[in-house]
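**Student:** Residue numbers (my numbering), protein chains in the order written: chain S, 3 to 517; chain R, 3 to 517.
In short, the hints are calculated from the structure, not lab data.
Model, not experiment: these values are computed from the prediction.
Certain hints may be false.
Identical copies look the same in the list; a pair holds intra-copy or inter-copy alike.
Capping the alpha-carbon separation at 25 angstroms, the derived lysine-lysine pairs in BS3-like fashion look like this [to be verified]:
no.	residue 1	residue 2
1	K421	K236
2	K144	K399
3	K144	K236
4	K303	K47
2 protein chains.
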Amino acid sequence: MVNYTIDKESDTPLYIQIRDAIKDAIKSGELLPGDRLPSVCSLAKEIGVTQATVRRALQDLSDAGQACCHVGRGTFIQDGSGPTSAPDRMESIGAARTLGPSERAPHGSMEFAVRKLRMGVGKALRDIMSLAEKSGIIHLTKGVPDPRCLPENFLAEVAAEALANFGTELYEATDPLGNYELRREIARRFTAEETPITPDQVLITNGSMQAVTLVAEANMEIGQRVVCETPCFKGITDTFSAMGHWVETLTRDSHGLGQAQLNQLPPDLSYLLYICPYAHNPMGTHLSEERAGILVDWARKTGSLIVADELFKDLGWTGSKPPSIMRELGPEQTVVVSSLSKSIMTGMRLGWLISSPQRIQQLAQLKKLMDHSAPSLIQGMALTIFRSGRYDAHTEKMAEVYRQRRDAMLKALDRYMPKEVTWTRPDGGFSLLLELPRGYSSVALFLSAIDKGVAFLPGPLFDIDQRFVHCCRLSYAWPDEAEIKEGIELLASAVEDFLRRPPGDSGLSGLGSYH
Amino acid sequence: MVNYTIDKESDTPLYIQIRDAIKDAIKSGELLPGDRLPSVCSLAKEIGVTQATVRRALQDLSDAGQACCHVGRGTFIQDGSGPTSAPDRMESIGAARTLGPSERAPHGSMEFAVRKLRMGVGKALRDIMSLAEKSGIIHLTKGVPDPRCLPENFLAEVAAEALANFGTELYEATDPLGNYELRREIARRFTAEETPITPDQVLITNGSMQAVTLVAEANMEIGQRVVCETPCFKGITDTFSAMGHWVETLTRDSHGLGQAQLNQLPPDLSYLLYICPYAHNPMGTHLSEERAGILVDWARKTGSLIVADELFKDLGWTGSKPPSIMRELGPEQTVVVSSLSKSIMTGMRLGWLISSPQRIQQLAQLKKLMDHSAPSLIQGMALTIFRSGRYDAHTEKMAEVYRQRRDAMLKALDRYMPKEVTWTRPDGGFSLLLELPRGYSSVALFLSAIDKGVAFLPGPLFDIDQRFVHCCRLSYAWPDEAEIKEGIELLASAVEDFLRRPPGDSGLSGLGSYH
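Here chain S stands alone, though its shape is the one from the complex:
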């Protein structure tokens, strides 16, 4: 035990006494890198000082690189050069790459400080977004489906049908795995498109976020390194972080991750890799078959698990849809997550997870302890949506709607955007990623764009380290074709004005590494 005895009569400030007690314990080996300190609250109680005093002491240690605060998990001892033992071997990837090459040498506590700063910036960014909440703005922002696209009384009819079909069965909680008939229906659909699976390979969750939460929580024991492709929907990386993981990132291009990115990972470890292979959010493009093959080979070689988020799978245009990663890699090394949130509506919170029967059993036990099961009525309604043909009819209709809106956006971009600007060409989904010339901040552009009457989401919202500062996500999920055309025209005029200024001419452009 560390001896925290302090002398309240001494001239030495209390926080310095505490700081030095911890430093001594590190020197003597009582505390080792990776050790977790007691919480601020219990340290304060144990030593008999205020929490502010303890925080002050920890701040000093953190500044000196001898401790780091891992958000959501407490304060850990460091060796003064690295944040924990984990990132030591990872210096070529992820957060480390957010520093310029010359700064790379003494990463570690710096890396943590940078990430923490960026988390604060993230909050500020979300506050800035609220500026777009005024009337007359064309929103190229929304990442969820427009409920007005559903047939009138959709939910009322589905609820009534489900209750008529399943009756009081829906009054009681289901097995934590979920309604068996719903699991069978999902298994049947996956089997028809991909590779044969059984209902015991399906777990029903409260949206795909909970599917990722279960995988993240289970991995606390398994201990695979968590890697996410980036850009990435930040809900995913934030969830892995909140569950206690340090998240590494690999930058993808519009085809997905390539061999060069995977080579940045030490080959002697096994990983949990999160990817969004269909109509990637925010890029809108599918993972190419060639890149899928590279990922499968890498996963086999390293014994890694690939978590494939197939949220947009049924909202792609026909002809270009690659097979699921699971078809090649098999269920032992793949987790497929999906939900009705993009295809039908977000309000149902109905998702699912497909993997090996053994993993499904383990995750169902966790699900049982976390919230027992998904609401029975919602599960019955999902089954009704699938079985009645509504799912296929609606996704087919909406894929065509979104394709037309994408075409309208691409056409307007071609016509109005300055030639220095580039963008991805979505294979499906809701959005594309637009790239300004390096050095121009999407956050600064956002502020002038809403003055012109159009809003989008700045790139830093799609990366745990707030990179992609020169990128913008433009969504065509809600506006109609005329609004899209007008929105892009307004945005192009904001971009034109903006590019007349020299690059880097914005306080917010210093946020990221511009790659």
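Once you have looked at the hints, place chain R on chain S.
**Tutor:** For chain R alone, coordinates are given in the frame of chain S:
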């Protein structure tokens, strides 16, 4: 870093080489008590051996008291006398007390082994329970409400009304805090009965299990010691364990925890204490006002947080309901959790959590990352159930139904049960706890009872350490009064036969400490 280099050509078995490498690292101070070892999977990969070999090595260390496997979290180094630093100071309480006084000295790894064994026994017990799934058995087992007690078409009418009232608003996900009107309704009801609260003190969850999950996950950073009264619904203690906490238990009597139990906790620490103050599951009794006062004083003195599970609050008989702990202790030190699962139905998975605005904000952020929000339709339906008067009408009706069933059970127990047997007298809820003379196992009794045609839940199912072997939970939630009378008569005859045998005459009686 521990040096795990092994010599595959050596005559020394691989697992012994690994075990000794870890022992050496402990001796040299490289590994300290409380340190977590890498996962079995990654150790196996790093060393280049099979996982079975690593497990064998860890088993040896565990047998020697130098490591312990904390379920769901991995393997931790121990000093050979205690399981982690936590229970060292807790020797007088909880799991330690499951050992006889003479065995108490070298607890630690023993304690963990015992708890692990009991978790295995718990699974076996649940398998045994399935023996009751045959026709003609009177079930005094169910801890959930009977959906047949609800008015016909209840769910269909509520769903239709909610959709008529709130329309397409229910198609989109709500704020992670939940539907504002529902939060306002819950705040209004709590204010009317207890102490004024505002909607920003209410968070909507997927059942009360998720409310407990959020509190448990948030406490991973705060670090208060987790203590649960026992007996206790095992879902609660299992959830705290799965989220990474070591759960201590204090034995309650039918009035709740007393000063003597609280005195077993070191007074210089602060705790997270879980209690079920209304119609306790399984005892059925309310926390007495005197005991509530003792708990409030203790919480103030130690700065502890009390999690009060008010699941059965509205299913008590009028006149005996004490005020909520929050009225005296205040929202900063209280979390109230509740749900519709006992009062209306389990299938909705709709619960809530009441605390300080600041804690609600923190927990909502976690909720957002775990599964975003509760399904909007389910929230709209809960609001409809409250606003339409259905909630009050149904709970009032059911409280009377359950009171009559309780009376039928108490009357039958008085009439048929041998005089050595005692039981609690429920103030509400679904069940009572029956106590056999010490030394008689409820598990053995269960087997003869189902032969006679009646089933109940054995006491070990209500304790994380499988104690309360001589106790039985008898539920009157589902059977009608005639079935209850017949069921108790059958049970009494099984008990009579059973008590003719000498105590301890059962392989399963060795499970617990009989207190």
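**Student:** All hints, please: hold or fail.
**Tutor:** Each hint, compared with the structure:
1. K421 x K236: Intra 30 angstroms, inter 64 angstroms, cutoff 25 angstroms: neither.
2. K144 x K399: Classified as within; 19 angstroms inside a copy, 46 angstroms across copies.
3. K144 x K236: within (15 angstroms within a copy, 42 angstroms between copies)
4. K303 x K47: This pair counts as between: shortest inter-copy Cα distance 12 angstroms, intra-copy 49 angstroms.
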